[in-house]
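Going line by line, the protein sequences match chains A, B, C and D.
If you count the first sequence from 1, position 76 lands on 56 in this note's numbering, and the numbers rise without skipping.
If you count the second sequence from 1, position 32 lands on 12 in this note's numbering, and the numbers rise without skipping.
If you count the third sequence from 1, position 100 lands on 80 in this note's numbering, and the numbers rise without skipping.
If you count the fourth sequence from 1, position 151 lands on 131 in this note's numbering, and the numbers rise without skipping.
Just so you know, the hints here were simulated from the structure itself, not pulled from any lab data.
On a predicted model such as this, the values are computed, not experimentally measured, just so you know.
There may be inaccurate statements among the hints.
Copies of the same chain look alike in the list, so a pair counts if it fits in one copy or across any two.
As the list claims (entries may be wrong) - Pairs of lysine to aspartate or glutamate, EDC-like flavour, derived with a Cα cap of 20 Å:
id : residue 1 : residue 2
1  : K(-17)    : E110
2  : K8        : E138
3  : K126      : E111
4  : K139      : E1
5  : K126      : E147
6  : K100      : E(-7)
7  : K126      : D109
8  : K118      : E(-7)
9  : K100      : D50
10 : K139      : D55
11 : K117      : E147
12 : K(-17)    : E138
13 : K8        : E147
14 : K139      : E111
15 : K51       : D109
16 : K(-17)    : D50
17 : K100      : E128
18 : K117      : D129
Number of protein chains: 4
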Amino acid sequence: MGKVIIGVMGPGEAATPEDIENSYQMGKLIASKGWVTLSGGRNQGVMEAVSRGASQGGGLTIGISPSSNDKNLSDFIDIPILTGMGSARNNINVLTAQVVVVCGMGAGTLSEAALAIKAKKNLIILNWDEESILFIKKLGGSLIHKAEDPNSVLSIIEKILSSWDLEIN
Amino acid sequence: MGKVIIGVMGPGEAATPEDIENSYQMGKLIASKGWVTLSGGRNQGVMEAVSRGASQGGGLTIGISPSSNDKNLSDFIDIPILTGMGSARNNINVLTAQVVVVCGMGAGTLSEAALAIKAKKNLIILNWDEESILFIKKLGGSLIHKAEDPNSVLSIIEKILSSWDLEIN
Amino acid sequence: MGKVIIGVMGPGEAATPEDIENSYQMGKLIASKGWVTLSGGRNQGVMEAVSRGASQGGGLTIGISPSSNDKNLSDFIDIPILTGMGSARNNINVLTAQVVVVCGMGAGTLSEAALAIKAKKNLIILNWDEESILFIKKLGGSLIHKAEDPNSVLSIIEKILSSWDLEIN
Amino acid sequence: MGKVIIGVMGPGEAATPEDIENSYQMGKLIASKGWVTLSGGRNQGVMEAVSRGASQGGGLTIGISPSSNDKNLSDFIDIPILTGMGSARNNINVLTAQVVVVCGMGAGTLSEAALAIKAKKNLIILNWDEESILFIKKLGGSLIHKAEDPNSVLSIIEKILSSWDLEIN
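Required output: the full structure, derived from the provided sequences and hints.
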C-alpha cells in the first residue's frame, strides 16, 4: 500500500518570510501525521522550508527536481527524483500528490495550482490574497479549499482523507 | 533559420463560441503573415479552431499533442508532435512558441499562461475578464499584453517581433 | 491531414564521416519525396547532417530539441520543438515519426531504437555492424529493416507507407 | 542527505521466471543494506518482483510509473511517482537511481540501459546472454558491470559506492 503523500508547492527565491514560516510549520505537521512530504525539491523558499520542517519532524521527504543532477537540491530531501525536465515536472508534482497545498504565489506555483485543478486534485491554498482566491475558485469550484494557517491546512487534509475512507467503506 | 512560431492556447471542450470565433480568426491572421501556428493539437475548442483558421488561411500548423497516438487529433494539424505526456506537454507549448497567445480560460489554459510567464515569454491575452487580467498582471508585469480582438493580437505580435529585430540590428 | 514525418536518429559528436554523409543523403531523399524530416535538432553529427540535406533539398525540417532554448540548435531546422527535457525527449522523437531510421550508433541512438520498438514503430537501420543488427532483431523481429544505403532506406520507407495505404483501402 | 537509491529495471509481462526470482532476491538484498529500491512501478515482471522483495525485506520502494493514476501499480510500492509520461519516464528512472541494475531483456529495458550509459551511470547487468553483454560493452565501456547473480550485484554496488566515498574523502 502506498503512503499518504502531501504535495506542498510554493515560490523559491521569491517566497516571503511568511510563506517560509508557514511551509516550515506545515512540513512539521505533515510529518507528525506520518505522511510523506512532496515538494519541487530545490534548496530555496517553500521547497526548502517544507522539506526542512518535515525532516526535522521526523518525516520522509520527496523532491521532484527540475534538474538532472543534485545541484540546487535541498539538503532536507530524502528521495530526490531527478527529472531533468524543468517546469514540465510540475505536472508530476500534482499527479503524485494525493492532496496539493500551495503556499504563496509565483508563476511556477500558479502553474501547479492550475495543473492540480486540471487533474481534479483537492487544492488547499495558504497565503493568497482574496482576489486570487476568488479567481482560482472560478476555475476549481469545490476542489479549492482556503486555509487560514498550517493547522487549518492539516484539518482540511484530514477531512479529505477521511471522506475517501468513507467512500471505500 | 527557424520560422516564426505563434502559440495559441485555450480551452478544449469548455471553449465559448466567442473563443472559437476569435481563435479561428487568429489562425487566419497568423497564416496571412507566413507564421506557423502552434496549439495543443486536439480536435476541440480553441485548439481545433485556430488550426482550422490557420490551415484554411494557407498556413502551417503544429499540434503538441498530450497523447501518444493520433486519436483526438485535429484534422487541421500538419505536424502533430505526439508527446504521450498529458499536461506535462503544456511546458513544451510555451517553450516552443516565440509568442504565446491565450484565448479564453480553463485550468489547462491557466497553467500555460503561468508557464509562459515562468519562461519569460510575452503573453497576449484575449477573452479574459478584467479581474483575471489584473490577477495575471501581478505575476507577469510587462510580459502581459491585453488584446481586444484578433486584429489587436496581430498588432501586438508585430510590435514584439520588430522590437526583437531592433535588438539584433 | 498530417504530413508524412520520417525520423532520422543518430549520434551527435560521435558520428562518423560515413554516418554524416549517409544522413545528409537521406535528408535530401526524404525531402525529394515531400516528406518532413524529424531529428533530435542539435547542430552536431547526424542531426545536423540530415537537417542540412533535407533543407537543401527543399524539405521541411523539425528538430525535437533536448534544450529549452535555441542554443546548440541546427541552423537547418525550420520547426524547433523546445522540450527542455533532455534525453526524455527521445520518446517524443519516436512517437512523432511514422517511420524511424537510425544511422550510426551511440547510447542516445540505441535508446531511440529501443523506444521505437517499444512503440511498435518500423525501424530502419543503417551503418550498424552485423552483431548489432542481430542483437536488435532479437528484440524487434519484423519491425527491424536493415538498409544498405540511403537509397535502400527510401525504398523500405515507400514499401511501408504503401502497405499502410493497402490496409486503409 | 539523500538516501542511496538503487534502480532495478527489467521486463514486465515478458520477464522470465529466472528474471523474477533474481529481481525478488535483489530487492531483498538491497533492502538489507538500508538502500531504497527504485523501479518502473508496474505490477508485472521485474518491477513487481523487485518491489515485493524489497518490501518484504523491510526496505523502502519507489515506483516511477508511466501512468497518471494508480491503475497497474504494484502493491509493493511505498512511493508511487505518477508521471503520466509513458516511456519518457524511463529517463527519470536512470537519472534518479545512483546505480542502475538491469535484469532480463526487453525493448523498454534496453532503452533504460542505453539511457543509463548516456547519463554516465554505472550499469550492472544480470540475465543477458554473452552477445548482448559484448554489444552493450562496446557502448558503455567501463560503466558496464556483468553480474552472475543477485549477490554479485550487491558486491558490485558496494564496490561502486565505496569508490565514491574514497573520492569524497
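Do the hints match the structure? See the list:
no. : hint           : result
1   : K(-17) to E110 : neither (33 Å within a copy, 41 Å between copies)
2   : K8 to E138     : within (15 Å within a copy, 34 Å between copies)
3   : K126 to E111   : both (12 Å within a copy, 19 Å between copies)
4   : K139 to E1     : neither (24 Å within a copy, 42 Å between copies)
5   : K126 to E147   : neither (23 Å within a copy, 45 Å between copies)
6   : K100 to E(-7)  : between (28 Å within a copy, 16 Å between copies)
7   : K126 to D109   : within (10 Å within a copy, 22 Å between copies)
8   : K118 to E(-7)  : between (28 Å within a copy, 17 Å between copies)
9   : K100 to D50    : between (31 Å within a copy, 15 Å between copies)
10  : K139 to D55    : neither (31 Å within a copy, 25 Å between copies)
11  : K117 to E147   : neither (25 Å within a copy, 41 Å between copies)
12  : K(-17) to E138 : within (14 Å within a copy, 29 Å between copies)
13  : K8 to E147     : neither (28 Å within a copy, 35 Å between copies)
14  : K139 to E111   : neither (25 Å within a copy, 31 Å between copies)
15  : K51 to D109    : neither (33 Å within a copy, 37 Å between copies)
16  : K(-17) to D50  : between (24 Å within a copy, 12 Å between copies)
17  : K100 to E128   : neither (22 Å within a copy, 32 Å between copies)
18  : K117 to D129   : within (19 Å within a copy, 26 Å between copies)
Comparing the model with each earlier hint shows violations of hints 1, 4, 5, 10, 11, 13, 14, 15, 17; every other hint is respected.
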